[in-house]
Each structure stands twice: as structure tokens, then as C-alpha cells.
Amino acid sequence: MKPANFRKLFFATANLLVCGLGFFVVPSVAGEAGTTSGAFVKFNPSPRATGMGEACTAVTQDAYSAWANPAGLASIEVTELAATHTASFEDVTNQYASFAFPVRYGSTFGVSITRQSVAPFQGYDASGDTTRKIDAADMAIAGSYARTFIKDEIDRPVLNVGVSLKSVSERLDTATADTLALDLGAIYHIRPAKYWMSKIPAQEFRVGLSVKNLGGSLKFDRLAFPLPQSETLGLAWISHPAGAHTLTVSLDQTVSNDDKYKANLGAEYFMFQLLSLRAGYVSGQSIGTGLRVGVGFRLSFMDLDYSMSPFGELGMMQKVGVTMRFGSSRAKQPLAGATARVGKAKLMAPKDQIEALKTYAADYVELARKSIDARQYTSAVENLDKAFNLEPQLKAGAWGEKAARLSTLSARLQLKATPARVKTLQNDSEQSNTAHEAVVSYIEGNELKSFLLAHAALGANPRGDAMFEEMLYTIADLTRGTVRRDEIMPKAAMVNEKLKKAAKGFYIQQFDMAAKECEEVVLLDETNPMGWTRLGSAYYMMGDKAKAQKAYEKVMELNPGDTVTRQFMDAQGWK
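Using the working numbering, you'd call the opening residue of the sequence shown number 31 and step up by one each time.
If you're looking for bench data, these hints aren't it; they were derived computationally from the structure.
For each residue, glycine too, the CB sits at the ideal point set by N, CA and C.
Do not rely on the hints blindly, as some may be mistaken.
Label-pair restraints from in silico Cβ distances [what the hints assert, rightly or not]: (1) 244 with 321: 29 to 37 Å; (2) 450 with 534: 39 to 47 Å; (3) 346 with 428: 21 to 29 Å; (4) 125 with 427: 50 to 58 Å; (5) 500 with 109: 29 to 37 Å; (6) 352 with 317: 27 to 35 Å; (7) 460 with 400: 18 to 26 Å; (8) 444 with 109: 49 to 57 Å.
List time: in silico EDC-like cross-link candidates among lysine to aspartate or glutamate, alpha-carbon distance up to 20 Å [unchecked claim]: (9) 400 with 467; (10) 605 with 592; (11) 400 with 182; (12) 163 with 182.
Generate coordinates for the entire structure from the input sequences, incorporating the hints supplied.
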């Protein structure tokens, strides 16, 4: 990561933490119940969040984010429509609907509506006599926008910021009041390369901050009451402990102007890319235990969520919600064209989480490959470490071996501790270019080729940087070879010298020596027709006609006009 980006991330994190902690170190910000109006705006509409103890500030990233933390909207990849119906107590019902539209990944608009209504109830006049039936209703309509301000190397959000502007109104029979309010939010993602639980891949930490209901007051007649303003700091840990399963643990801490400090703790276990089990706890609940439970089902085009909250003698509050998804993902793999992260979702449960992890891992592997090509070897090691953390099975394959070789060679050459050496290797010179070929060959497991190229790199300028001599002896040690002082020469000179040795081998009829020299020639220069021709001849004289045929076929591939070789192959019946 570039230093400038690192500084941005550092200061963004510091600002979030300082601002968030500032809300909780000043006790005077907490108020008392009954001093505000518009209490319905405090009602969490999300069944998922409720099932997690309403601890959602740092983890929300769906259409419900418009209520919980508008910054979460920036992580939405497709258009979403969410709706919830809640049967509360004493004929009170709550409805919520939210529509989120990402114009591009990391930039999302949203609109939402919250409504609370009460069934008609008996009215009384000032004398206590009954009058007609009256009703009451509350409503909030909000417009939201969220944007990703900082992204990581593969375009995943690092810092999201969001805002919601809403109109809040209350009605009691014919009396009404309304005002405007503002919600602000931010979410910061932390994805460490190495984790404190090393056997659990793809861990992620999040810090969320939301400030709700900044604005005016609701005024009935001559009395005005402020909205229930609150500030919440959310922390979350997300991991993948068993293959495609996802574990989320979150904590919210809230202070408000109408209540004391409150903490919410929740967890969600998402398994088989289909089923979510949730549980949580809400502190400070005066009626009931504060426990919350919930369950969710994810299909390719929709989520179904349910939560249940016990409130003692008042009974159970139950929420049912549905979230519909429309279109294909707008999030793209930055290194693989315009392929959507989830391009093959069907009506059954999608494998979006698995595919996302594999996609991210593949992107880091691609970054590592590009880093190797750019001769940024230490960056390549770091990117491969990130890929292995996301997809541990990669480490058991070919890339695991490549990473181990590259890490060992980088450490032996002290490339991380000596940036000047990296710059030397990045020079566009025969010596640096040949050294890079040697490094790549060693990474790929072509030890003999790497060994020979290390000689050629030093031979290109024996009086140059001492690092090239150190590289030769390091690669010789790693490949269990002995430095050949007589072969420290430029690559082209080494090829010519080996062709001369091969010719001498033919002259004294030591065909195995000729074959060895020619094998090294074609390792150094795969497009050398003379090397392949003499190699084929050496194999033929040694009686290995199968290898001879392959060598001659390579000659004809490189030089189709070689009539002598063509006639010889025809005589042998080789096509």
C-alpha cells in the first residue's frame, strides 16, 4: 500500500475512534426518558439487526442501512428493496420500506419510509367523558446517499460515509407536528494480512459510527420536544471459521438525549450459503430480559428474515422482513475485466460468499504476479500472504511453493531491508534483466535454469553491484549447485561457449557431454535452433530416438525452412 494511502487510512481510523469515544466519555450527553418526542424513529426495523441484539452499526450493508447507518449503503452491489412488518403491543403496528440503488459500486442512493400506527381508541374530553374514536400515526420519509471514499487494492470498501435527510411527522387525531432531521454515518474496514486466530481465514474488523436525528423539534401547540438524538459506536469481527460459513460478532454502544448509556451485543452464524442463526442482548430494557433471537434464509434473489423479542408480561414482539435483489452485481474484479463477483447466481442459495473469497484471493494472486513482473518481490510476497489468508487451500498448491521460494530468496537477499537492491533489480540493463529471469526461474521451480542465469547476470558486469555475486552464490546454495567460475559470462557468450563444448563432445564422441551442454543451451535460449539441432543429434547418437524426435520437431517449429532436418526426419519416418 502506498504511504499516502496508508496515512489516509490511519487518520480516518483515528478520527472515527476519537469521535466515537468522545460520545461516551462525557456522561452529561445522556438524558432522561420522556424528554423527547418522535420515539418511533428509535424503532429498529431490521429483523436481522434485531435478531443480533440490534448491534448493527458496523455490520449493516443492505437496504436497512438507511435506518441503521447510512454508510452501509455504499457496500450494496445490486438494487435492493426491503420491507418489514412488525406486530407490536396494544394494536400498535410498524411498517418500514427501503429502496437502495447503487449507481456504481461504492456509490448508492436510497429512499425509505417508516410508519407507526395505532388502531382507533376511545377518546375523552377534559371532563373525562367519552367522545368519539380517535387514532394516531407517525411517519418518517428519508433520502440517503453513501459513498466509498477509500478502497483497498482490489476495490473493496475501506472507508464508507453516508448521510440521510428525513422528514419526521406525528399525528394525534387532528393535531400534527413535523420537522426535519439528519443522520450521519461512517464504517471503516480493517483487513489484516495476518490474524490472531491463524486457522480462521478472511477475518475482518469493522468500526462503525452513526449519529441519528440531528435537527429540530416536534411542536404540538406551544410545546416543542426534541427528537431522540443518539450517537452509536459499533465494533464488529467477521470471519469464516468453516469453509463457506461466516461468523459475525458485533457490539454497539449508544448514548442519547433521552436515555442512559446502552450496549447491544449480537452474533450471527451464516451456514451453507442459505441459513442464518442469530442471537443478541439489549442492555437497559426495563421490561423483559433483553434477549433477542432470529433466523434468516438467503436465496439468490431475496432474503427472508424473522426475529423475536420477549417483553415480559407484554408478550413477544415479532418482526418479519423480506429483501429483494434486482440485477447482477455492480462490484467488479479490477484485475479480471468486468466480471461480476456473483455472475452465476440461480434461484437456489447462491455461493456468493465463497465466490467473493475466491475472487478476492485470485485478485491478490494476480497482484502478486504483476508485482513479480514489476520486480517488486516483497510486495508479491505480501499479496500472496493476503491470498492465502482468504483462500488457505491456495497455499497447499503451486502458489504456496512459489511463495515459499520467493520469500526465501527475498529474505536471503535482504530485499525488504535494502530498497536500493530492489531499485537495482528494476534497472533496464542486461545485468538486471538477466537477474530477474533468474529470480522468476527459481520461483517457478526451474532450478538449473535459475542457476545458469545467475551466472549470466554476474557475467554481464562482473565489476558491477556486489548484489549480483551474492545472488549467484545464494541461488547456488538454494539449488545445491557449485558455482562455475569459468561460466561467469554474459548470456549470449555462455550460449556460444556451450555450443562449442557440445561440438567438442561430438568430436570426441562423448555424446552425453554434448547433450548436457545442449540441454543447458536451450534452457538459456529456448529459441536457439542450433541448440535444438545438436541436442537432437546427441540424443539420436545415444539411442534415445523419442527425445531426438521431440528436439527435431522443435527445430522445425523454429525454422520450418530447414530442409536437412526435414529430410532426416522423413528418412526416420517422423512426421
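Quick one: which hint numbers does this structure break? Sort them smallest to largest.
As far as the earlier hints go, 3, 5, 12 are violated by this structure, in ascending order.
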